[in-house]
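Engineer: Take a look at the letters that make up each chain.
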Amino acid sequence: MGSHSAAFAHSLQGWTAGLPILGATPLWIWAFLSALLVIFLLALPFGGIATYVERKVAADIQDRIGPNRVGPIGLLQFFADAVKMLAKEDFIPRGADKFLYNLAPVLVVVGACGAFAVLPLAKALVGADLNIGIFYLVAVTTLIAPGMLLGSWGSQNKWSLLGGLRGAAQIVSYEIPVALSILPVVLISGTLQIGSIVEQQGWVWQGEMMKNYHFWNMFHNPFTMFSVFILFVGGLAETNRIPFDLPEAESELVSGFNTEFSGMRFGLYALGEFCDVFVMSAMVTALYLGGWQVPFLNLENMWVTLPSGLIAIIHFSMFMAKTLFVVFIVMWLRWTLPRLRVDQLMGFCWKGLMPIAFFNVIGTALWMWIFHGKSMMQLVMGQ
Amino acid sequence: MNILDWATSLQAYLVVGTCLFLLGVFAVLSRRNTIGILLGIELILNAAGINFVAFSKFRAAAIDGQVFTLFVILIAAAEAAVALAVILRFYRLKETINADEANILRN
Amino acid sequence: MDVDFPREIHDAIGDGAIMENGMKLVLLLAQVMTLVSALVVVLHPNILYATIFLLFSFLGVAVMFVFAGADFLAGAQVIVYVGGVTILVLFAIMLTQWLYEAKLKTTLMKGLIPFIVVMGALGPILIKETLKLSDSVSATPPEKMGEFAALAKTQLIGQALLGNYLLPFEAITILLLGALVGAVWLARPE
Amino acid sequence: METGFITAFWYLAIAALVVPLMLGAGAILRPKRTGENKKLDAYECGEDAVGTAWVKFNIRFYVIAIIFIIFDVEITAIFPVATLYKDAVANGTAGLVFGEIFLFIGLLLVGLVYCWTRGDLEWVKGIAQTKPKRGIHG
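Sequence order for the protein chains is R, H, V and D. First residue of the first sequence? That's -1 in the numbering used here, and the numbers climb one at a time after it. First residue of the second sequence? That's 944 in the numbering used here, and the numbers climb one at a time after it. First residue of the third sequence? That's 213 in the numbering used here, and the numbers climb one at a time after it. First residue of the fourth sequence? That's 48 in the numbering used here, and the numbers climb one at a time after it.
Any given hint could turn out to be false.
Unchecked claim - Cβ pair distances, simulated, as ranges:
hint : chain 1 : residue 1 : chain 2 : residue 2 : range
1    : R       : ALA56     : H       : SER952    : 54 to 64 Å
2    : V       : ASN233    : R       : LEU39     : 49 to 59 Å
3    : R       : HIS370    : D       : THR164    : 37 to 47 Å
4    : D       : LEU64     : R       : LYS96     : 19 to 29 Å
5    : D       : LEU150    : R       : PRO305    : 29 to 39 Å
6    : R       : ASP341    : V       : VAL393    : 21 to 31 Å
7    : D       : PHE149    : R       : ASP341    : 26 to 36 Å
8    : V       : GLY375    : R       : PRO305    : 42 to 52 Å
9    : D       : LEU64     : R       : GLY16     : 28 to 38 Å
Stated by the list, open to error - Just a few of them, taken from the derived set where beta-carbon distance is under 7 Å, the chain H residues facing chain D:
hint : residue
10   : ALA1024
11   : ALA1045
12   : LEU1048
Claimed, not checked - Here are some chain D residues the structure puts well away from chain H; computed CB gaps all over 12 Å:
hint : residue
13   : ALA60
14   : VAL110
15   : ALA112
16   : ASP119
17   : GLU121
18   : ALA124
19   : PRO127
20   : ALA137
21   : PHE145
Source of the hints: derived by calculation from the structure; they are not laboratory data. The C-beta atom is built at its ideal place from N, Cα and C for all residues, glycine as well.
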């Protein structure tokens, strides 16, 4: 394979190799630092800033101004919110099961933040490019469902229990269409390694020369165009976003599974949820929208030689631009669509998405068989 | 032998597998709750999986053991689904999930 | 896929020992977690807690799989057991039982006979045989153990499923379909 | 492989530390206040909570979970086969892999159609029939 499975740590080590003190730092410390950087400088700040952006987007859509008091155009609002959450009283309801009540946020946060390990932020900035990358991502995010269920059970509140049960049933149901929408990408790429999947959505190499261009998986064939939507919709449902926010439907269940969680504990739930939105958007980006690939360019093989740090920055910006666009669509939908009813929710998953997802898998396999694995782009360009 | 080195040895894997199996057997024998019995069976199946994976690496250096573990995982899931459906049926019949109450065939 | 600096840099620094020991420590902790959680599964009077600790036991086993070179299986273990079986059991408990009424505690007398059977007869024999077996197998380790453990297993498992294990694989597919139909039939409300 | 997984373990460990860290930071910052007893009650829109919240619930969640777990394991098992498809297409041996995937998806579809036609996927239909003796619906 020739790839570093811990590309981020290797990159940090390479960039600091010439420096006097840092140069001798062993790899495992760099691995630790990469994890620290991604979680504390990407995941958690994203969770905070997303709340501000969500309110701004909502305000724009509803023709309001939105938060504008703290800092320029309200930019520091998320900081004020964080301080408020930290300063709030921390209490456990009287009837609650303390062990479950404390365990639940841990499972949710680990499920959401742990998945950042395999996100391909840039070619050189993958925390851990595991051979089973997608499987790791799916496996780690499954921790969220038991977390929600146990938290709602442990808080000894009927609203919470209803919300948690709905949430768990919804998450497990939509996991099937999501997995079936990952399958076409695996058929096309022949690997579960996310780094390699992203790599294949650009120029295809043959020996030393660039052979032909293989566009984003989304445009590989007509079926993957549907698949990406199913993955996106499934992601929406798994992260409990409108129109699938039944677990916390505020008009019927007070606040659903997190009713009894207040102050920082509620903040952690919200944080985990926003991180999960990021992870799902990043998954859509990496699998179908080309990840860090800059369309039609290969930064490492151009008429000028770019320094590796600059390439990493460009890749990272590209990845973030695509991911944040998907996140923006998620926020946009919130003010566009009404909430589904619980029977519609299940019917939509099992009778709507599932047959289409099956059809997409078979269709992609047939397309590859008939056209020898070529994408539409390659066929059009006559390669 | 250093305990850290021991942890990576075949012996450690087998000992953990055996202990898991014994605990599972104990749960199956002692639990009166049918769901508790199911949990014990899951432990036993996991113990089998550990042994397959360990021998796949330390004995054969071939993939076959892992394929069998995959089969074990698949069957375990099917078994859990059917077992819990049976428990639910039993519960509807008897309003309890106590295994001692499952005595219709006795008299 | 290499970033543009030589691989030798990190070899020259020589961080092997600490990293290796750290990983062995993770494995040891996973083994301890597996066994301690399993103990709670067996002994805890509250079945809900037993299920939660079963979840931790599954996670420990998944980490053990990773260190035995079974990366794909570790993922499958977490997806199927943690995401599937645990949720199903939790649903079953919440559906059938009034918790904290504690009607179904394992009584001392009920637990005594199994304890004697397991600790007195089965346990010593099995442990003894296990130690004997592991010694004899460890004496002649296979040649390519290290390389095998480092391989990516997903494709290998796929090849095995299409090769030697094609028929069992198909049989299991049919079995799963049967299990689906049977379980749904059993669980269906009258 | 191993450097990759050790990094992944770092991520998981740090993610697990986030929760105690945040709650700990809060414990240092916030003012200490105790004794407001009513606040500790379960929130039921201002009313006093009646009975325990640990009630039995509707069985439909359970049937869905059973269908889910079978589908989940089947899809898990198809992934290793699916990774071979690209190379099989390149080598001209796609038939076997395609047949395998088709068979799997086909059998899953049969299961789905069975559940569908027998009404196990209906949410509303079950309400009247599956009412538990005590408990809540939803």
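Engineer: Next step is simple, just say for each hint if it's right about the structure.
Structural biologist: Each hint tested on the structure:
1. R/ALA56 with H/SER952: 54 to 64 Å: holds (58 Å)
2. V/ASN233 with R/LEU39: 49 to 59 Å: violated (29 Å)
3. R/HIS370 with D/THR164: 37 to 47 Å: holds (38 Å)
4. D/LEU64 with R/LYS96: 19 to 29 Å: The hinted range 19 to 29 Å holds for D/LEU64 and R/LYS96, with Cβ atoms some 20 Å apart.
5. D/LEU150 with R/PRO305: 29 to 39 Å: violated (51 Å)
6. R/ASP341 with V/VAL393: 21 to 31 Å: Cβ of R/ASP341 to Cβ of V/VAL393: about 23 Å, so the range 21 to 31 Å holds.
7. D/PHE149 with R/ASP341: 26 to 36 Å: holds (32 Å)
8. V/GLY375 with R/PRO305: 42 to 52 Å: holds (47 Å)
9. D/LEU64 with R/GLY16: 28 to 38 Å: This hint holds: roughly 32 Å between Cβ atoms.
10. ALA1024: holds (5 Å)
11. ALA1045: Not OK, violated: H/ALA1045 not within 7 Å of chain D, min 20 Å.
12. LEU1048: violated (26 Å)
13. ALA60: About 18 Å separates D/ALA60 from the closest Cβ of chain H, which puts it past 12 Å; holds.
14. VAL110: At roughly 9 Å from the nearest Cβ of chain H, D/VAL110 sits no farther out than 12 Å, so the non-interface label is violated.
15. ALA112: violated (8 Å)
16. ASP119: Answer for D/ASP119: violated, closest chain H Cβ roughly 7 Å.
17. GLU121: Check fails; 8 Å does not lie beyond 12 Å.
18. ALA124: violated (6 Å)
19. PRO127: The claim breaks: D/PRO127 does not keep its Cβ more than 12 Å from every Cβ of chain H (closest is about 8 Å).
20. ALA137: holds (22 Å)
21. PHE145: holds (21 Å)
Violation of the numbered hints given earlier is confined to hints 2, 5, 11, 12, 14, 15, 16, 17, 18, 19; the remaining hints are satisfied by the structure.
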